[in-house]
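Here the protein sequences line up with chains A and B, keeping their order. Take 1 as the starting number for the first sequence in the numbering used here and just add one per residue. Take 561 as the starting number for the second sequence in the numbering used here and just add one per residue.
Possibly wrong hints are sitting among the right ones.
In the DSBU-like style, the derived pairs of lysine-lysine whose C-alpha atoms are separated by at most 35 Å in a straight line are [unchecked claim]: (1) 99(A) x 321(A); (2) 300(A) x 782(B); (3) 299(A) x 734(B); (4) 321(A) x 558(A); (5) 99(A) x 782(B); (6) 99(A) x 769(B); (7) 3(A) x 558(A); (8) 496(A) x 299(A); (9) 558(A) x 782(B); (10) 674(B) x 299(A); (11) 759(B) x 558(A); (12) 734(B) x 300(A); (13) 321(A) x 577(B).
These are calculated hints, taken from the structure and not from any lab test.
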Amino acid sequence: MRKFWAMFRIFLKVIVGQMFAIKIGGKESKVVGIILWGVLVLSIAPLLWLVYYMISGMYTAFAEVGHLDLMVAMTLNIGSVLIFMLSLMAAPAIFYFSKDVEYILPLPVKPTTIISAKFAVALVFEYVLAVGLVGVMYVALWPHVGVGLLTFNMILTALTLPILPMVYSTVLIMLLMRFVRFVRNPDRYAYIIGLLSLAFAMVFMFASQDMFTLDEDALIAMLTGEPIAATALNYLFLSNNLAARAIDAATGLLPVQSIAFQLLSVAVALAALGIFFVIAQATYFKGIIGLGESSSAGKKMTRDEAIAGVVGQGAFSSYVKKELRLLFRSPIAFMNSVLMVLFMPVVLIISVVPVFTLGNDDPMMEMLSAIDLTDARTAAIALIAVTVLALVTGGSATVTATAISREGRNFIVMKYLPLRYQTQLHAKAMSGLLVVLPGLLLVFAALFWLFSPPILLAIAAILIAVPCAIFLNYLGLVFDLLRPKLNWDNEAEAVKQNVNVLLMIFGAMGVAGGVGVAGFFWLHTPLMAFVVLFGGSLLLMAFALWLVLAQGSRMMRKIY
Amino acid sequence: MLSISNVSKTYGNSQVKAVDTISLAVESKQILGFIGPNGAGKTTTMKMVTGVLEPDAGQITINGYDIMAAPIEAKQSFGYVPDSPDMFLRLKGLEYLNFMGDMYSVDETTRREKIAHMGDIFEMTGALNSRIQSYSHGMRQKIVIMGALLHNPGLWILDEPLTGLDPRSSFQLKEMMRAHAESGNAVLFSTHMLEVAEKLCDKIALINKGRIVFFGELEALKAQYNQLSLEDIFMEVTARA
C-alpha cells in the first residue's frame, strides 16, 4: 500500500505540476497558474447554474408524474458518457504515452500497484466532473427528497459515478493498444480521439437542443417508451440506474429500499473495478512493450527515390511549408490552433442549413427575411458585426501566438540559420494567415449564403476583415516574442498552458466588444462605417507589421 | 577561419561568468578539440560562435565576418551540429534535408550529390522517408550532421557529434573531419571522449569554469605535463582548478 501511495503521489504531482506551471517573464509561477485555473473554474459556474436550472424544472415535472428515477438516471447517464469521452482522451496519456513508463517498469513493484496508481490518478480528474454534476443534482433534488438520506445517496453516487465509464474507456484503450497496432502512435491516437470528441460534442449539442425543445409529455413518452439508446445506457451504466432507483425510493419514503439500491450500485462499481484489474493485468504490460518503436516509420527509401525527392525552393516558401507541416502534424497544435478556427464556421454552417428547411411562416425565417441589407443603418450594423466577427475569429487563431513557444528547445535553430529574423517571423505569420483566412472565408461564405448581401457591401466586409485578421496574426506573434514558453517537455504546455493564447483570445474579444459598442453608437451610415472600420483595421495592421519589422529582430535577440 | 577574442558571457543576473574572457582561433587545415568538464562553458562558447547567444564582451569572426555585425554571411560560412539532435521531429528525414538545403541556398544538383553520398556513408538513405520522430538517437544525430554539412561549409562546428553514433558512423565522421581539414578547411568540435581528441585533433582548447586553461598543440600540452595522457592531464587540471 505504501508503494501505491508513493506512486500515486508522484504521478499526480507530475500532472498537477504541469497544469499549474505558468511562466511569467521567464519564471514559473504556480500562483498565476492557480489564479488562472480559479478563473476557469469560476467561468464554469454559469454553466453549472444552467444545468441546475434545466434539471430542477424537469425533476419537479417528473416527480409529479412519479418518474423522477428516469430523469435522475438520464442525468447520471449523460455524466457517465461525458466522463467516458474525457477519459478516452486523458487515460492514454496517463497509462501509455507518459514518459514515466520506461522508468517505472524496471522498478520492483507489483504490476497491480502500477495499474491501480495510474487508474487512481485518472479517476481523480474525473471526480472533478462527477462532484460538480452530483452537487448540482443534490441541490435540485432537495425539494423532493429528505436531506439526510439524500446526502448519503449523493455522496455514494458521486464516488461511484466515474468508475464504470472509466473502466469501459480504459479497458477499451488497453485492448486497442494490445491488439490494434494502428492506434499505438500518440499522434495518431490524439487525432482520432480529438476528431471523435469534436464530432461527439457537435452531435451532443444538436441532440440536446432537440431534446430541450420537446414538451414534458413527449419527453416522458421518450424516456418511458424504452428507446434503444436510453435502455442501452441504463444497462451499460447499471450503477446509475440503481442509484436513481435509490433516490426514487428515498422520495417514496422507503429508506431501507433506498439504502439497499445505493449499496447495490456501489457493489456493481466495485465488481467492474475487479473485472478491470483482471483485464488490465492480462493486457496492459503486453500493450506497453514496444510502444516507442511503433511510431511513424515510413516506407524504406531507395537511393534513386531519395535523389528524386530532392526539391529546391525559395527560403521563405520552404520555411512556411515547414511551419505548416509541423503545425498540421502536431495533434495538440492542430486541434487547438487550426481546428478551433474552422470549428466556428462549421457550427455556423450546420446551424444555418436547417433554417432553409423551415417554412416561410417560421419565426426564425421571418426574422431573417426582415433583415434588409439595402437599408443604410442595417448595412452599417452589418459592417460592424463583420468586424467583430473577424476580430473574434482572428483571435481564436492561436497559430502565431504559439509560433515561437512551439519551437521549444529547437528555438536555437532559428538563431543559427542564415536567414534574417524578419524573414523567419514573416514566414511564421504567413503560416498563421494560411489558417485564419480560409476560416474567415468559410464564415463569410455562410453569411453571404444566408443574407445574400449587395455586392458592394460584401466587398466592403471582406476589405475590413482581412486587415483585421492580419493585425491579430502579427499581434499574436509579438505576444509570443515578448514572452515565449520555450522550456517544455510536452507540447501541450506550449499550446494549451500558454498565457499568450489567453491574452490573444480575451484581448481580441475585448477589442471586438469595444468596436461593436462604439460602432453601434457612432457609425450610422455604411460609408462612415466602412471608412472608419477599414481605415482603423489598416492602421492596426500597419502597426502590428511595424512592430515585427522594426522590433522583431531585437525581440528575437533577447530570447535565449 | 574562426577567431574568438576576449569573449565573455554571464547569464541573467548571475555573478558568475559562464565564459570569462576567452580567446582562441581555428586556422584552416586544423581540427580543434574543445574539451572540459560539464558546465565548463563549451556549449555556451559554441552558442556564441554560432550566433545563438550574444557575447557580453569580445569579438567573434568567422571567415572574416563578425557574427554580430554580419550574421547572415558568418552563419553561411559554418555548419553547426548542436548538442541535442532532437529537432523537427515531425518532419521526414528528406523533408528536413530539403529544408536545410533551402535555408543555405544549396542548388539541387549539389544537394542530390551530397544527400546520396552522405546517405550511403551514414546508412541513412532507407530512413529518409520516415519521420525523424521514429529515428533512434544515433540516427537523429546523423540526420542533423547531414543537414549541417549539406552546404559544404568551410568551418564545421560540432557539439558532441559522436554521442550516440554507432562505431561505423563514428569512424566515418572522424574520417570526414580529417579529410575536411586536410582539404584546407577547419573543424571545431567539443567532446568528452579524450582518446578521440588525442588521436584526431591538431590543437586542444581545455576550458574549465569558463576560462581557457590551455590552448595549443597537443604535444605542447603533453610536454608541459611530463608526457602524461590527455586523460591524466584533464584529471589533474580540472581537479586543481
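Now for the hints, and whether the structure bears them out:
At roughly 30 Å between alpha-carbon atoms, residue 99(A) and residue 321(A) fall within 35 Å of each other, so this suggested pair holds. Distance hint between residue 300(A) and residue 782(B) is unfulfilled; the C-alpha atoms sit about 49 Å from each other, more than 35 Å. A hinted pair counts as satisfied when its Cα atoms are at most 35 Å apart, and residue 299(A) with residue 734(B) qualifies at roughly 30 Å. Straight-line distance between C-alpha atoms of residue 321(A) and residue 558(A) comes to about 26 Å, which keeps the hinted pair within the 35 Å bound.
Between residue 99(A) and residue 782(B) the alpha-carbon distance is near 45 Å, which puts this suggested pair outside the 35 Å criterion. Between residue 99(A) and residue 769(B), the direct Cα distance comes to roughly 33 Å. Compliance with the 35 Å bound is thereby established for this hinted pair. At most 35 Å may separate the alpha-carbon atoms for a hinted pair to count; residue 3(A) and residue 558(A) exceed this at roughly 46 Å. For a cut-off of 35 Å, the pair hint linking residue 496(A) to residue 299(A) stands: about 33 Å separates their Cα positions.
Restraint check for residue 558(A) and residue 782(B): the C-alpha separation of about 42 Å exceeds 35 Å, so the hint is violated. Proximity of residue 674(B) to residue 299(A) is assessed by CA-CA distance (about 22 Å); at most 35 Å being required, the pair is judged to hold. Restraint check: the Cα-Cα separation between residue 759(B) and residue 558(A) comes to about 40 Å, which exceeds 35 Å; the hinted pair is violated. A C-alpha spacing of about 27 Å is found between residue 734(B) and residue 300(A), which places the hinted pair at or below 35 Å, so the restraint holds.
A distance of roughly 40 Å separates the Cα atoms of residue 321(A) and residue 577(B); the hinted pair therefore is violated under the 35 Å criterion.
Hint violations for this structure: numbers 2, 5, 7, 9, 11 and 13, all remaining hints satisfied.
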